[in-house]
Amino acid sequence: MFDDRSPIYLQIAEQIKNDIVTGALAEDEQVMSTNQYAAFYRINPATAAKGFAQLVDEGVLYKKRGIGMFVSPNARDLLRTGRRDSFFADVVDPMIREAKAIGIPLKDILQHIRSYGDA
Amino acid sequence: MTTALTVRTENLSVRFAGVPALDRLDLRLAPGKIHGLLGRNGSGKSTLAAVLAGFRRPDEGRVLIEGGDLGTPQEPYENAVVTSRVCLIRESGDRPEAVSVKQAIALAAALRPYWDADLAGDLLDRFEVPLNKKIQKLSRGKKSALGVVLGLASRAPLTIFDESYLGMDVPSRNLFYDALLADYTEVPRTVVLSTHLVSEVSAMLEEVVILDNGRLVTQSPVDALRGRGASIVGPAAAVDKFTAGFTVLAEERLGGTKSTTVLGDLDPALLAQATAAGLEIGPVGLQDLFVHLTGARS
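Quick mapping for you: the protein sequence lines, in order, are chains C and L. Here the first sequence is numbered in our numbering, starting from 9 and rising by one per residue. Here the second sequence is numbered in our numbering, starting from 143 and rising by one per residue.
Careful, some of the hints might be misleading.
To be verified - Cβ pair distances, simulated, as ranges:
| # | chain 1 | residue 1 | chain 2 | residue 2 | range |
| --- | --- | --- | --- | --- | --- |
| 1 | L | N316 | C | L18 | 20 to 26 Å |
| 2 | C | R73 | L | A222 | 39 to 45 Å |
| 3 | L | E208 | C | D36 | 32 to 38 Å |
| 4 | L | G184 | C | F96 | 31 to 37 Å |
| 5 | L | L412 | C | F95 | 22 to 28 Å |
| 6 | L | G184 | C | D36 | 53 to 59 Å |
| 7 | C | T30 | L | E217 | 21 to 27 Å |
| 8 | C | R92 | L | A411 | 21 to 27 Å |
| 9 | L | S281 | C | A32 | 39 to 45 Å |
| 10 | C | N26 | L | L396 | 45 to 51 Å |
| 11 | C | R122 | L | A419 | 33 to 39 Å |
| 12 | L | A379 | C | R92 | 37 to 43 Å |
| 13 | C | F48 | L | L308 | 39 to 45 Å |
Unchecked claim - According to the in silico footprint, chain C covers these stretches of chain L (three or more CB under 8 Å from chain C):
| # | segment |
| --- | --- |
| 14 | 316 to 325 |
| 15 | 336 to 345 |
| 16 | 366 to 380 |
| 17 | 418 to 429 |
These aren't lab readings, by the way, just hints derived from the structure by calculation. Ideal Cβ placement from N, Cα and C applies to all residues, glycine included.
Start from the sequences, fold in the hints, and give me the full structure.
The following block contains the structure:
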């Protein structure tokens with residue numbers, strides 16, 4: 009589930025963000041408690057708590073005292089905006105570099121993209 | 143319940159026939175955390191565990207246990223107040239072999255101030271340890287399971303498992319990990335897991351102490367060690383130039399290509415610089431980092 013090539017609390021935060029972006033976790037939906045999360049993934053409860061605390065700091069989750077943690081109403085937009093900003097640098101640019109290295113003309117890529125229609 | 147204990151060692155040395163097993167160790171184990179005690183076979187893990195539990199006296203320096211209901215710092219050796227609150231479970235068992243499981247449980251219940259009988263019963267059930275069998279008749283796996291049950295049900299404010307679960311098969315070890323996390327969450331205490339199975343337990347740890355040759359290699363929050371190593375791969379001259387200021391853990395060469403493993407934080411500026419120089423940077427897993435940190439023999 010988690011690898012130990014980067015801090016686990018960051019991996020936890022990433023995983024929950026992913027679930028929000030894909031819609032697997034809805035806005036205002038309650039997330040697992042840190043203890044449930046720790047037990048489920050067999051990780052240290054303090055590590056899970058640190059991952060969740062980071063998401064609260066970033067405004068992705070909010071706390072209701074005595075009840076638990078919930079997905080912020082604007083979390084999906086917030087995360088999608090953030091990912092859009094880095095989309096070209098993180099996804100498109102490496103693809104173009106790879107295409108150039110192996111000799112795929114950009115017009116072939118454009119053609120392939122157009123075959124998806126106007127999604 | 144806030145009974146978790148703090149452990150300190152000061153200049154702690156233990157020698158076997160003059161050969162140091164622990165060499166001037168200064169440590170502090172924070173209360174209420176799960177600590178991993180990592181090291182290769184013979185690194186001093188078991189000796190440290192035994193000294194912390196008061197099973198043997200240090201040759202030099204001292205161990206101090208404090209906090210919880212102990213009040214002032216106390217040394218564990220020949221100190222019943224401390225040792226009743228410190229539970230060390232070793233693979234050897236340290237138990238009379240001719241008694242039944244039931245009798246061993248009754249003895250622990252009498253000696254351990256925070257003993258939880260319900261938990262013990264539940265765990266014996268789950269590990270399928272037969273109550274009426276003599277300990278000497280148990281399989282290695284069931285003996286280990288009994289040790290784990292005694293360690294968890296003691297709810298000792300300092301609980302140390304010294305590779306005590308190695309005799310268990312994978313499903314039983316997973317049962318142990320789940321039971322440990324569940325009960326630790328319910329009753330936080332200071333836990334030490336001594337092991338060389340780094341990858342199997344690392345996600346459950348909060349702090350690690352790495353020993354090598356009886357000396358402290360590093361003590362750190364485990365998440366801070368993840369991603370702290372990096373491998374730099376590329377043309378040998380460029381790799382050497384880039385890694386000049388770092389602590390080098392390992393080097394490998396294949397023709398003109400070199401791979402160097404370094405310890406240190408690579409900030410984005412350094413990463414950009416490396417990419418511009420045509421170098422590939424990769425993360426180093428905890429297990430590999432552990433191997434590098436404890437593998438060097440000068």
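Quick rundown of the hints versus the structure:
The hinted window of 20 to 26 Å between N316/L and L18/C holds, with their beta carbons roughly 25 Å apart. Range check, R73/C to A222/L: Cβ separation about 43 Å, and the 39 to 45 Å hint holds. Between E208/L and D36/C the beta carbon distance is about 46 Å. The supplied range of 32 to 38 Å is therefore violated. Take G184/L and F96/C: their Cβ atoms lie about 54 Å apart, and the range 31 to 37 Å is violated.
The given range of 22 to 28 Å is respected by L412/L and F95/C, whose C-beta atoms sit roughly 25 Å from each other. Judged by the Cβ atoms, the range 53 to 59 Å given for G184/L and D36/C holds: they are separated by roughly 55 Å. Range check, T30/C to E217/L: Cβ separation about 56 Å, and the 21 to 27 Å hint is violated. In this structure the supplied range 21 to 27 Å holds for R92/C paired with A411/L, their Cβ-Cβ distance being about 25 Å.
For S281/L and A32/C, the hinted distance range of 39 to 45 Å is satisfied, since their beta carbons lie about 44 Å from each other. Distance hint check: the CB atoms of N26/C and L396/L are about 37 Å apart, inconsistent with the given range 45 to 51 Å. The hint said 33 to 39 Å for the Cβ distance between R122/C and A419/L, and at roughly 38 Å that hint holds. The hinted window of 37 to 43 Å between A379/L and R92/C holds, with their beta carbons roughly 40 Å apart.
Here the CB-CB span from F48/C to L308/L is close to 25 Å, at odds with the stated 39 to 45 Å. Counting residues of the segment 316 to 325 of chain L whose CB falls under 8 Å from any CB of chain C gives 5; the rule of at least 3 is met. Chain C is given as covering the segment 336 to 345 of chain L, and this holds because 3 residues of the stretch bring a CB closer than 8 Å to a CB of that chain, at least three being needed. Counting residues of the segment 366 to 380 of chain L whose CB lies closer than 8 Å to any CB of chain C gives 3, so the stated coverage by that chain holds, three being the minimum.
Under the rule that three or more residues need a Cβ within less than 8 Å of chain C, the assignment of the segment 418 to 429 of chain L holds, with 5 such residues.
Violated hints for the displayed structure, listed by number in ascending order: 3, 4, 7, 10 and 13.
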